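What follows is each chain in one-letter form.
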Amino acid sequence: MTDKKIRVLVAKPGLDGHDRGAKVIARALRDAGMEVIYTGIRQTPEMIAEAALQEDVDVVGMSILSGAHMALFPRVMDLLRENGLDDVLVVVGGIIPDEDVPILREMGIKGVFGPGTPTDAIVDFVRENVQ
Amino acid sequence: MSDVLVDGVLAGQRRAIARAITVVENDGPEAWTVLAALHPHTGRAHIVGVTGPPGSGKSSLVNALALHFRRDASPRTVGIIAVDPTSPFSGGAILGDRIRMRDLAGDIGIFIRSMASRGNLGGLARATADAVRVLDAAGFDLVIVETVGAGQAEVDIARTAHTTIVVEVPGLGDDVQAIKAGILEVADVFVVNKADLEGADHAVMALRMMLDLNSGGPHTVMHHGRLAELVIPGTGEEENKKTAGAWRPPILKTVATRREGVAELAEAIVTHRSYLEQSGGLALRECERAAAELETIIQQESLRSVLARTDRARLAALVDQIVRRKMDPYTAGQRLLGR
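So the sequence lines, in the order shown, correspond to chains Y and X.
Here the first sequence is numbered in my numbering, starting from 1 and rising by one per residue.
Here the second sequence is numbered in my numbering, starting from 1 and rising by one per residue.
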């Protein structure tokens, strides 16, 4: 008899302060019955990997709107791997050009969600892909 | 699997600590195995509870306290459990206490874990005390537990913590609020946070007045359970007064975001710890806590075993009879217990 919940870290790496989207996602995941650890803006990759480790999350969700995604996401992925968190599902969102998407997937980022994605689609994706 | 996890926790490995907390949070046989193995290694950490209304600055205060203990006081490691409420509708939760604790990132002497209350109403999650135990066994010197935003009646923290800090802010109500029963009674230390705001002195005065009215009665939280009456030594009035009645909670003013008053708060925690050790209050609290815990386990397990051996149809029939006033709930309960 266990009481397992999906735990999700929602973080905004980098310097842009536009966290409206991240908050909308956090709320949608909460309403889907998940436990969302919300860390707020201006997180370094180190902070995100550390929080993911301590919180033992199933999912890490990140949002970047500044264009710094190709610098920050690879660093987060490396740190997660260093911490032994290979099994964590990583999804990202924000302003991400189409040509970057295959490269991000190659890195192990399973879901890339651009503007206009219905929150239900993200909830379903997380549910289906959590190990 | 459990053995590796337990060894990892005892060695202070952060991944193992995180996993073990998940295991105890999700309950079930593996949780019991892990907790049973960790139990002999617990009892060393000083457990500090921080409670108070939503927005009173609990997370900021925990952040400032942890920083102080890491940098300015003798080097100590700090584990933090921060509890936020679970939605009664979706079962989901937003755990946002880390937002105010970003100064603590990158320090391996600190471990922060957010926890959802998962339907528990006393200000903590069911598994909070067990998560504290994991951090205790992992060797953290100080474990700080931050409750959900609490109003008047969420006093579970006083059963889990050695030192309970109740955080108030200026302007929350008149003097009558200060003489009501509940959360204010469980404080070992009072903090008026956001003390740069107007009304801080008034809040301090109201609390002081409340303390002046105290008769110096017992200050160990009683869970008023059956078990406590049977096994706790010194539940008799006289002895209780003698052992734990003499502590007068200090009232401190802080501005957590500027770290003002935080050194004094840290000192009050240390002083309270020595008081508990010298007065015998520590042993009494431990005893009280163990009894309360055992009682909860008996309740949960009795329920589990009754439900396991009763089929749904029988349960539904009994509930139906109660609703139609054919049987009273006490008789139904006796039937299920096989009496």
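No wet-lab data here; the hints were simulated from the structure.
Source: prediction; values computed, not measured.
In this text, a Cβ means the ideal position worked out from N, Cα and C, and glycines have one as well.
Don't take every hint at face value.
Quick list of in silico lysine to aspartate or glutamate cross-link-like pairs, EDC-like style, CA-CA up to 16 Å [to be verified]: (1) Y/LYS4 to X/ASP103; (2) Y/LYS5 to X/ASP27; (3) Y/LYS4 to X/GLU30.
Derived coverage of chain Y by chain X (criterion: at least 3 residues anywhere in the stretch with Cβ under 8 Å from a Cβ of chain X; other residues may be distant) [unchecked claim]: (4) 20 to 30; (5) 45 to 54.
What follows is a set of in silico ranges between Cβ atoms, one per label pair, in the way DEER data are often shown [to be verified]: (6) Y/MET107 to X/PRO329: 56 to 66 Å; (7) X/LEU315 to Y/LEU15: 53 to 63 Å; (8) X/PRO88 to Y/ARG20: 18 to 28 Å; (9) X/ARG314 to Y/ARG20: 15 to 25 Å; (10) X/ARG314 to Y/MET107: 47 to 57 Å; (11) Y/ARG75 to X/THR257: 39 to 49 Å; (12) Y/ARG20 to X/VAL323: 24 to 34 Å; (13) Y/ASP87 to X/SER74: 36 to 46 Å; (14) X/SER274 to Y/MET107: 52 to 62 Å.
Hint check results:
Only pairs whose Cα atoms come within 16 Å are accepted, and Y/LYS4 paired with X/ASP103 is rejected, the gap being roughly 30 Å. The suggested pairing of Y/LYS5 with X/ASP27 holds, with an alpha-carbon distance near 12 Å, which does not exceed 16 Å. Proposed proximity of Y/LYS4 and X/GLU30 is supported: the alpha carbons are some 13 Å apart, at most 16 Å. For the stretch 20 to 30 of chain Y, the stated coverage by chain X is satisfied: 4 residues place a CB nearer than 8 Å to a CB of that chain, which reaches the threshold of 3.
Residues of the stretch 45 to 54 of chain Y lying with their CB closer than 8 Å to a CB of chain X number 6, which satisfies the three-residue condition for coverage. Checking the proposed 56 to 66 Å range against Y/MET107 and X/PRO329 shows it holds: the Cβ atoms sit about 59 Å from each other. A hinted range of 53 to 63 Å holds for the C-beta pair X/LEU315 and Y/LEU15, which are about 57 Å apart. A beta carbon spacing of about 26 Å between X/PRO88 and Y/ARG20 agrees with the range 18 to 28 Å that was offered as a hint.
Between X/ARG314 and Y/ARG20 the C-beta distance comes to about 52 Å, which lies outside the given range of 15 to 25 Å. In this structure the hint that X/ARG314 and Y/MET107 lie 47 to 57 Å apart at CB holds, the actual value being about 56 Å. A hinted range of 39 to 49 Å is violated for the C-beta pair Y/ARG75 and X/THR257, which are about 30 Å apart. One distance hint, 24 to 34 Å for the beta-carbon pair Y/ARG20 and X/VAL323, is violated here, with the actual separation near 48 Å.
Distance hint check: the CB atoms of Y/ASP87 and X/SER74 are about 39 Å apart, consistent with the given range 36 to 46 Å. A C-beta distance of roughly 53 Å is found between X/SER274 and Y/MET107, which places it inside the suggested range of 52 to 62 Å.
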